[in-house]
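Each chain, letter by letter, is given below.
Number of protein chains: 2
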Amino acid sequence: MNHIPTNHPRAKSLYIRERLVEAFDAGLIAKEGLMAHGRGEAFDYLIGEKTSKSAKKAILAAAFMLKQARNPVISVNGNIAGLCSKEIVQLAKVSGAKIEVNLFYATKSRRQNIFRVLKKNGAPRIYGMDKKNSTKLSGLDSARRIVDRDGIYSADVVVVPLEDGDRTLALKKAGKKVITFDLNPMSRTAETADITIVDNVVRAIILLIKSCKNPKEIKFDNSKNLALAILEIKANLTRRARNAQIS
Amino acid sequence: MNHIPTNHPRAKSLYIRERLVEAFDAGLIAKEGLMAHGRGEAFDYLIGEKTSKSAKKAILAAAFMLKQARNPVISVNGNIAGLCSKEIVQLAKVSGAKIEVNLFYATKSRRQNIFRVLKKNGAPRIYGMDKKNSTKLSGLDSARRIVDRDGIYSADVVVVPLEDGDRTLALKKAGKKVITFDLNPMSRTAETADITIVDNVVRAIILLIKSCKNPKEIKFDNSKNLALAILEIKANLTRRARNAQIS
Numbered sequence: 001m002n003h004i005p006t007n008h009p010r011a012k013s014l015y016i017r018e019r020l021v022e023a024f025d026a027g028l029i030a031k032e033g034l035m036a037h038g039r040g041e042a043f044d045y046l047i048g049e050k051t052s053k054s055a056k057k058a059i060l061a062a063a064f065m066l067k068q069a070r071n072p073v074i075s076v077n078g079n080i081a082g083l084c085s086k087e088i089v090q091l092a093k094v095s096g097a098k099i100e101v102n103l104f105y106a107t108k109s110r111r112q113n114i115f116r117v118l119k120k121n122g123a124p125r126i127y128g129m130d131k132k133n134s135t136k137l138s139g140l141d142s143a144r145r146i147v148d149r150d151g152i153y154s155a156d157v158v159v160v161p162l163e164d165g166d167r168t169l170a171l172k173k174a175g176k177k178v179i180t181f182d183l184n185p186m187s188r189t190a191e192t193a194d195i196t197i198v199d200n201v202v203r204a205i206i207l208l209i210k211s212c213k214n215p216k217e218i219k220f221d222n223s224k225n226l227a228l229a230i231l232e233i234k235a236n237l238t239r240r241a242r243n244a245q246i247s
Numbered sequence: 248m249n250h251i252p253t254n255h256p257r258a259k260s261l262y263i264r265e266r267l268v269e270a271f272d273a274g275l276i277a278k279e280g281l282m283a284h285g286r287g288e289a290f291d292y293l294i295g296e297k298t299s300k301s302a303k304k305a306i307l308a309a310a311f312m313l314k315q316a317r318n319p320v321i322s323v324n325g326n327i328a329g330l331c332s333k334e335i336v337q338l339a340k341v342s343g344a345k346i347e348v349n350l351f352y353a354t355k356s357r358r359q360n361i362f363r364v365l366k367k368n369g370a371p372r373i374y375g376m377d378k379k380n381s382t383k384l385s386g387l388d389s390a391r392r393i394v395d396r397d398g399i400y401s402a403d404v405v406v407v408p409l410e411d412g413d414r415t416l417a418l419k420k421a422g423k424k425v426i427t428f429d430l431n432p433m434s435r436t437a438e439t440a441d442i443t444i445v446d447n448v449v450r451a452i453i454l455l456i457k458s459c460k461n462p463k464e465i466k467f468d469n470s471k472n473l474a475l476a477i478l479e480i481k482a483n484l485t486r487r488a489r490n491a492q493i494s
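Protein sequences, first through last, are from chains R and H.
Position 177 (the first sequence) corresponds to 177 in the numbering used here; numbering is contiguous.
One rule links them: number in the numbering used here = place in the second sequence (from 1) + 247.
Hint data in this document are derived by calculation from the structure and do not stem from the laboratory.
This one's a predicted model, so the numbers in the text were calculated from it and none came from an experiment.
Beta carbons are placed, not taken as given, at the ideal position from N, Cα and C, and that holds for glycine.
The reader is advised that the hints may include incorrect statements.
[Claimed, not checked] Per the computed footprint, the stretches of chain R lying under chain H, defined by three or more beta-carbons under 8 Å from a beta-carbon of chain H, are:
1) 13-22
2) 34-42
3) 121-127
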């Protein structure tokens, strides 16, 4: 549908956008997911569309937490399945984490479509598919409260990429450690999680997989790191205000 | 589909989001339009979801330019039709501007759906609907190059809400004055236009209609005003870094 000029200043971002439109057409993503992606694009633009120093630090801390976990689970929604199913499966393998499908705008067909894409990319077992094994997280209204008894419900560490704030809070209240990818360092999710990776998940997940192969303990304070992420955006704004030409 | 809690910190933004989803379902908006809206949401969040000082100034300047114009035209795409058709018609009436449908992702059915919504809201005549009367703007690849001979092609001032950068440049090269609404003060559109209103069009258009009823000449420098808009975002980031809780 769309032809992206190769000399476009933001071609990479436009390719990712196309991948998301394709995933929408394939029934993986909700309309709201397309808008959420747009919000992410804007924040990615503000951080300069590259992995920042603060994000690299959060990735190191996340890898260590994942490798130390007793029962880690990666929560997968439509957007993340559309953008990086292959990498999700790699991350699960390298970190020993389970994969669970967990949707905000839940429909049976979307769940099945996501399941198929994950399977196609080599996921061994996928949680969150069997109603008989589901239970509820308290303090949540949306369909996301329904979790797998052997997945998120019994996890000690949950990776929730592209998350909503209410859910992160509910997971925290249930005593979980939460690792999230969120391009907005001021969001409730970012502020509630134990480790917030302020980066485009498409870039960051590759670095997280690498770090899981060679985990190192580092000193990490999420609030301080988020403050650093905001400073990075402010520095970019100053730079762009001087010389940016971007559409 | 979606129930928005009335106490949600950003309920207004979520209502606008729902309106856009409805417009998508009604065939007015492209998938890419949903993502573009998401980008706008992020920038609106950064400017504090209110009309800033710099935006108010740009609105005053825009009203004066519109009222002085010999042949002003408002360019309408799917998003703007979905968000504020009624206000577009009001603005056209109060400013003496023509309305032209001009789409980036053009399909006949979307064009017809937008036409119907504008008609329903009282638009007298709508340009850009008759192929026989179309011609091309030079320097543009997308479908947006096709304009109405009696509309944008012969306009002296064009209002282009929610615009892409290439097109604003092409309009400038064709000798038009361009007024745009763009929530990103660093975009090419923002930098290329003569007057850039850095505000949510849903809020700003109401103020623009008011100002057109009582136009005043003011001193206005778009570059300086954009620099001010960026400073406003930076100030908001500082404030939010201290106390924001937003999802």
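Now for the hints, and whether the structure bears them out:
no. : hint    : in the structure
1   : 13-22   : holds (count 3)
2   : 34-42   : holds (count 9)
3   : 121-127 : violated (count 0)
Checked against the numbered hints above, the structure breaks only hint 3 and satisfies the rest.
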